[in-house]
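Q: Count the sequence shown with numbering that gives the first Met the number 0 and you get residues 0 to 328, in order.
If you are wondering where the hints come from, they were derived from the structure by calculation, not from laboratory data.
It should be emphasised that the depicted structure is a prediction, and the values quoted were computed from it without experimental measurement.
Idealized CB from N, CA, C, for every residue including glycine.
Careful, some of the hints might be misleading.
Now the in silico label distances, taken between C-beta atoms and shown as ranges [to be verified]:
| # | residue 1 | residue 2 | range |
| --- | --- | --- | --- |
| 1 | 52 | 110 | 27 to 33 angstroms |
| 2 | 142 | 111 | 30 to 36 angstroms |
| 3 | 52 | 322 | 24 to 30 angstroms |
| 4 | 296 | 31 | 30 to 36 angstroms |
| 5 | 310 | 24 | 25 to 31 angstroms |
The calculated lysine to aspartate or glutamate pairs, modelled on EDC-like cross-linking and capped at a C-alpha distance of 20 angstroms, are [as the list claims (entries may be wrong)]:
| # | residue 1 | residue 2 |
| --- | --- | --- |
| 6 | 43 | 24 |
| 7 | 205 | 133 |
| 8 | 299 | 137 |
| 9 | 256 | 317 |
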Amino acid sequence: MILVTGATGLVGSHLLLKLLEQDEDVVALYRSESKKETTISFIKDRMLSKKEIKIIWRKGDICNLPSLELAFEGITHLYHCAAFISFAHYKQETLMEVNQEGTTLLVNLAIKHQLKKIAYISSIAALGNDLNSDFIDESTPWNAELDHTPYAYSKFGAELEVWRGTQEGIPAVIINPGVILGTGVRGNPLELLCDQIDNRLRFFPKGTTGYVTVEDVVDVLVHLMNSEIKNERFVLVAANWSYEQMFKRIAFLKGKKPPKIALRKSWLQLFNFLEIFLSLFGKRRFMTKALIGSLCGEKKIMGTRIEEKTSFRYSEIDKYLVKNVGNPF
Numbered sequence: 000m001i002l003v004t005g006a007t008g009l010v011g012s013h014l015l016l017k018l019l020e021q022d023e024d025v026v027a028l029y030r031s032e033s034k035k036e037t038t039i040s041f042i043k044d045r046m047l048s049k050k051e052i053k054i055i056w057r058k059g060d061i062c063n064l065p066s067l068e069l070a071f072e073g074i075t076h077l078y079h080c081a082a083f084i085s086f087a088h089y090k091q092e093t094l095m096e097v098n099q100e101g102t103t104l105l106v107n108l109a110i111k112h113q114l115k116k117i118a119y120i121s122s123i124a125a126l127g128n129d130l131n132s133d134f135i136d137e138s139t140p141w142n143a144e145l146d147h148t149p150y151a152y153s154k155f156g157a158e159l160e161v162w163r164g165t166q167e168g169i170p171a172v173i174i175n176p177g178v179i180l181g182t183g184v185r186g187n188p189l190e191l192l193c194d195q196i197d198n199r200l201r202f203f204p205k206g207t208t209g210y211v212t213v214e215d216v217v218d219v220l221v222h223l224m225n226s227e228i229k230n231e232r233f234v235l236v237a238a239n240w241s242y243e244q245m246f247k248r249i250a251f252l253k254g255k256k257p258p259k260i261a262l263r264k265s266w267l268q269l270f271n272f273l274e275i276f277l278s279l280f281g282k283r284r285f286m287t288k289a290l291i292g293s294l295c296g297e298k299k300i301m302g303t304r305i306e307e308k309t310s311f312r313y314s315e316i317d318k319y320l321v322k323n324v325g326n327p328f
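Make the full structure from the sequences, and use the hints.
A: Here it is, written out as structure tokens:
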């Protein structure tokens with residue numbers, strides 16, 4: 000049987016849908032009853048066939064070992080989609096607990112139960128950064144001397160745990176997707192981007208980041224799990240767009256005015272300095288030097304290796320936006 004963590008999230012719910020269409024035996028790990036019911040409704044709405052929805056739901060938390068022990072009964076394969084996502088400085092303890100320590104527990108259980116394979120969803124945040132290159136890919140080394148966001152540290156640490164599992168004999172694949180655009184789950188990145196336009200966002204960061212659709216992420220995950228490929232990782236980025244380009248495109252598709260004021264790096268640095276000062280008086284910090292670098296960075300993230308090694312081809316981001324903006328659920 001297959002265990003899916005984060006089954007009620009954006010990737011997890013789409014992954015359940017695909018696995019059910021392929022008649023796989025699936026165990027879904029969940030925490031919230033309401034999100035479980037929402038996910039079931041999503042699957043019923045999206046399933047192409049009228050098959051019975053056969054999911055074994057097991058309530059648990061990736062930070063709670065007893066619940067995970069029960070969840071692993073009869074499991075042979077693991078899709079680890081659960082994650083806590085935040086770029087706030089004050090969330091660093093939660094990020095490390097969920098993303099790294101939770102992955103540690105899962106890998107330990109995978110070793111104990113001798114799973115056949117793990118597929119883990121990491122992030123482009125966990126990639127390295129070569130100061131002498133304009134590009135970032137799977138081979139870019141992690142530079143411990145540079146500042147990284149708490150989220151990046153937590154995902155990089157989680158990757159190390161997965162690699163530890165491979166050294167103990169558990170095959171694994173890791174994907175590093177960019178911003179995942181998708182529909183079906185409230186609070187997804189596409190919905191949040193649309194909300195910013197609806198709320199008349201005035202500012203935009205000057206940097207660039209990579210994007211990929213949730214359907215592409217799921218297709219690659221399943222392909223890698225079922226293939227002979229093991230102990231490798233793949234960046235998943237269909238296109239690199241500037242924040243300005245993305246906001247302008249969404250605004251156009253919604254018939255709204257786009258943000259027009261570019262956030263200068265110096266403004267963000269001043270904000271960071273003020274937050275550091277105010278933290279002396281107990282105010283929680285959000286901004287970090289690494290986050291400023293990310294928002295203002297213009298390096299291209301290369302996701303071409305997956306197309307070179309497999310028959311997979313990316314969906315076009317612009318076509319996806321045209322189809323889904325206005326209905327990001």
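Q: Does residue 24 lie within 20 angstroms of residue 43 when you go C-alpha to C-alpha?
A: holds (17 angstroms)
Q: Range hint 30 to 36 angstroms: satisfied by the CB atoms of residue 142 and residue 111?
A: This hint holds: roughly 34 angstroms between Cβ atoms.
Q: Is the hinted range of 25 to 31 angstroms satisfied by the C-beta distance from residue 310 to residue 24?
A: holds (26 angstroms)
Q: Given a hinted range of 27 to 33 angstroms, is it respected by the beta-carbon distance of residue 52 and residue 110?
A: holds (31 angstroms)
Q: Between residue 52 and residue 322, does the C-beta distance stay in 24 to 30 angstroms?
A: holds (25 angstroms)
Q: Residue 299 and residue 137 were given as a pair; does the straight-line alpha-carbon distance stay at or below 20 angstroms?
A: Holds, because 12 angstroms separates the two Cα atoms, which is no more than 20 angstroms.
Q: Check the hint pairing residue 256 with residue 317 against an upper bound of 20 angstroms on the C-alpha distance.
A: With Cα atoms ~18 angstroms apart, residue 256 and residue 317 stay inside 20 angstroms; holds.
Q: Determine whether the Cβ-Cβ distance between residue 296 and residue 31 falls within the hinted range of 30 to 36 angstroms.
A: holds (34 angstroms)
Q: Hinted pair, alpha-carbon criterion (20 angstroms max): residue 205, residue 133. Please report holds or violated.
A: This hinted pair holds, its Cα atoms lying about 16 angstroms apart.
In the structure shown, no violation is registered for any of the earlier numbered hints.
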